[in-house]
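*Asks:* Residue-level listing of the chains:
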Amino acid sequence: MASGPLATSAADTEPAGTGSGGGPGAGRVRGRGRRGLSLRARESRAGLVLVSPTVLIVLLVVVLPFLWTIVMSFQRLRLIDLQNVFDITLTLRNFETVLGSADLWEMVRTTLIYSIGGTVLSVGAGLATALALRHRFPGRFLIRAFVLVPYVIPVVSAALVWRTLLNPQFGPVNVFGVEVLGWDQPIGFLSERFHRLELFGVGFDAPIALLTVIVFEAWKTFPLAFLFILARLQGLPRDLEEAARVDGATPLQRFRHIVLPQLSGVIALLVLLRFIWTFQNFNDVYLLTRGAAGTEVVAVQVYTYLVSRNDVGGAAALGLLMSVVLIIAFAVYYRYGVVKQEAEV
Amino acid sequence: MASREVVETRVLGVARVVWLAFILVACVLPLFYMLLLSVRPLQAVLSDPLGVPSFGELNLEAYRRVVASPEDGGYGLLSFFGNSLIVALGSVVLTVLLSVLGAYAATRLRFPGKNVVNISFFAVYMFPGIVMAIPLFVLFSRLGLRGELPALIIIYLASTVPVSVYMLRNYFRSIPKGLEDAAMVDGCNRGQVIIRIVLPLAMPSIAATSLYVFMIAWNEYLFALLFLLESRDNWTVSLGLAQLDDISVSATVLMAGSVLLTLPVIALFFAAERLLVEGLTAGAEKG
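As they're listed, the protein sequences go chains P and W.
First residue of the first sequence? That's 1 in full-length UniProt numbering, and the numbers climb one at a time after it.
First residue of the second sequence? That's 1 in full-length UniProt numbering, and the numbers climb one at a time after it.
None of these hints come from the bench; they were simulated from the model.
Computed from a predicted structure; not experimentally measured.
By construction, the Cβ of each residue, glycine as well, lies at the ideal position given by its N, Cα and C atoms.
Check before you lean on any hint, since a few could be wrong.
Stated by the list, open to error - Distance windows between CB atoms, simulated:
#1 E278(W) x P261(P): 23 to 29 angstroms
#2 S52(P) x I266(W): 36 to 42 angstroms
#3 P41(W) x R93(P): 52 to 58 angstroms
#4 A268(P) x F22(W): 22 to 28 angstroms
#5 D186(W) x G124(P): 50 to 56 angstroms
#6 R238(P) x A272(W): 26 to 32 angstroms
#7 R238(P) x S3(W): 21 to 27 angstroms
#8 L211(P) x L35(W): 25 to 31 angstroms
#9 A268(P) x P150(W): 38 to 44 angstroms
#10 F22(W) x G182(P): 21 to 27 angstroms
#11 L142(P) x L35(W): 17 to 23 angstroms
#12 L35(W) x P261(P): 42 to 48 angstroms
To be verified - Listed below are several chain P residues computed to face chain W (Cβ distance under 7 angstroms; list not exhaustive):
#13 S38
#14 S44
#15 V155
#16 A299
Okay, chain W solo, but in the shape it has when bound:
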């Protein structure tokens, strides 16, 4: 028996190292390749695809071309960053505002229909985006809102608010209620309790929720494609870059654009990784 224990421990130990190495390569290598290709000239890539670039050939020409406006012989990606920022930040502000109120009500107050609200939120979380898109596409076409950024913000708000309420609710539960009762006794009303007691204590979870919403809105593709395609001035970076792929732009330029699209999200993620992980999995350890 003892020998079986030893054999299994050794085999599993090796398997564990091999698997982790494989997973790390699979997760990091594509990003590394993206970065590498974006700083090589296309000719060098075509003649030696597997080669390690020499320092001499590194240049930022692909970045210049993908960012520069069409008049300067570029692809005008820079002008889309403003749109993406407006959409992402607008979604964050509105979603956090609504979900703080909703999560507070869901943890602290008793009101009729509360369970129905909680359950239906979960249903929304799983609702197919493409099905939701059909009527909204028709509706916004008729209202003349298709192609406008606020239409996109409203959709991102509706699709992220249920998860945000869920994330915040788990955190609000861990704030002792005694503090709020004490503030009420001291004469604060409900609004003052939320602003002075709950908000400061919930800051970490609010930061995590904001990050989550920002990533969803910044990365989103389907609704941007459906709603914005015909109004080029309002394209988001994701949409603009995907459209470049359609007109057979060189791979180095595409990779430079991908790096620019990915960079804000990766930077935010590594700045607040622990917050986000705890926010997303809060409650998961209970099953």
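Only chain P is shown next, with the shape it has when bound in the complex:
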């Protein structure tokens, strides 16, 4: 692995045909003869042929559509008159509509709280679970398998069962709360924007529906964070921790000063990935609340523009603004990734 990035970058910068200068492939190509040259050229051609179907499909279904989204965001385009697709009169109206909408800031705030809250909770629960399952004990593999269940089941089933569990009339959570815990009334976990809570004599309004969709998101995705952190944990050398134990470091000190620094790479990666995925999440919120009760995140609003308002241009403009945020996050990751790769070499 350590030689991986080195080998590929050396092979790439080398112009095909002069491959005799002792590059990584020199042993195999050997000599400067015509045969070596043609082998190398044939290898490039085979590589391009094999990778081209994949590149083509990604180009056609992801890259070109995205470029088209940019164009559409400057067009006046409604779903009813799609022949306007080739009308190249450009306008800023879509951006005016999207940025001028009354609930813009509320949507931005909701999306940010949702993605940051979901990310922190998901990675945090993943970390705690990975630490708890670090050492071998009987039944560990069975527990690992069960923990992955929320991640693999279909989101439609997951949302339906949560809606049933939290149902204000017969959902067991509310029935349990009222009958056993003595709540005054059932809580509309997915329908109430705010719910008055009393904690230690202090009352405050909790954004209950938003909190519920955040918890759902964390529940559905923490298994992935758990898997990645556990894999990294099991690759850690034990001698450092042993040495610290001998020197009198307590378990918490060993975690804080020895284990955590070694996990920081994988945790940073997970935080970025989860933020990017939660930020664009449509399914969870749409299936749980349809974006009602203060849970309208940006992806749900793009869908509303596209389907309910038939405003393709508005959807494209909002989608583009959303992508800009994600591209910034990706750039952060990329920089971070490059830095890491350099450190490895």
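Could you slot chain W onto chain P? The hints should help.
*Replies:* Using the frame of chain P, we list chain W on its own:
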């Protein structure tokens, strides 16, 4: 100092057990409740939501109703299973075919633009589905492909192929190159090397990749909703079930449908859990 070590070890030990119990309950209980509700009559659930059902009241009426065709007074979920299978299996076959070729090229061959390809794949992995959906929605509407299953397969192919290449690439790296060189010396061409040497050795990772693609395609909701909504005959199970929620069908029927939707995925997952975990996290231990 020694006492602090002892105290921390004890407290953390208790916290660990409590946390694991909480996580297990949170992960398993919803599924258990889904199963339980699906075999109880609605009246029993409404009158005693927390009750443990007696054997006498268990019945499969909810399953009959969710599966039966509308003419028989049911909700016709059975007819959607064919669509989901076509979409999922079609995506698996195409994605595996393309990603085996792509991953082989990415590990074994040097060609111009290789790094660009690798990096852009990662970008696709993180690309927002909803943004991709807008132009495809317009395009497929104009081509008259909206509502057709192949449109869905193409989209699932494009969105799973980057991760599949990544998963397979990590595995291909661990296959010794000497074997392939020996086969080349013995007169095999590139295609024969892939079919006779690489494919048999890579079978575990191909199985893991297939499972991953199957789950993504079987579980997917957004694109099915956007593209298929108006052609009911082509609905997938996920879409069909979500639509039932809109017309206020009773909770027991919804849970029976959820069990049927979840069952194939859970069965596959428990059959090949170790394969999938190793495939998804390959390379993660390196950071």
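*Asks:* The structure should be examined with respect to each hint, and the outcome stated for every one.
*Replies:* Hint by hint, here is what the structure shows:
1. A C-beta distance of roughly 26 angstroms is found between E278(W) and P261(P), which places it inside the suggested range of 23 to 29 angstroms.
2. About 37 angstroms separates the C-beta atoms of S52(P) and I266(W), a value consistent with the hinted range of 36 to 42 angstroms.
3. For P41(W) paired with R93(P), a C-beta distance near 56 angstroms keeps the hint of 52 to 58 angstroms intact.
4. For A268(P) and F22(W), the hinted distance range of 22 to 28 angstroms is satisfied, since their beta carbons lie about 26 angstroms from each other.
5. For D186(W) paired with G124(P), a C-beta distance near 55 angstroms keeps the hint of 50 to 56 angstroms intact.
6. The hint said 26 to 32 angstroms for the Cβ distance between R238(P) and A272(W), and at roughly 30 angstroms that hint holds.
7. In this structure, R238(P) and S3(W) meet the distance hint of 21 to 27 angstroms, their C-beta atoms being roughly 25 angstroms apart.
8. Distance hint for L211(P) and L35(W): a CB-CB separation of about 27 angstroms, consistent with the stated range 25 to 31 angstroms.
9. The supplied range of 38 to 44 angstroms is met by A268(P) and P150(W), whose beta-carbon atoms lie about 40 angstroms from each other.
10. Taking 21 to 27 angstroms as the suggested C-beta distance range, the pair F22(W) and G182(P) conforms, at roughly 22 angstroms.
11. Checked against the hint of 17 to 23 angstroms, the C-beta distance between L142(P) and L35(W) comes to roughly 18 angstroms, which is consistent with it.
12. Evaluation of the 42 to 48 angstroms hint for L35(W) and P261(P) yields a pass: the beta carbon distance comes to about 43 angstroms.
13. Taking 7 angstroms as the C-beta contact cut-off toward chain W, the hint placing S38(P) at the interface is violated, the least distance being around 14 angstroms.
14. Using the Cβ-Cβ criterion of 7 angstroms, the hint placing S44(P) at the interface with chain W is satisfied: the shortest such distance is roughly 4 angstroms.
15. At about 6 angstroms, the closest approach between the beta carbon of V155(P) and any beta carbon in chain W falls short of 7 angstroms, and the interface hint on this residue holds.
16. Taken as an interface hint, A299(P) checks out: its beta carbon lies about 5 angstroms from the nearest beta carbon of chain W, inside 7 angstroms.
The earlier numbered hint that this structure contradicts is number 13, and it is the only one.
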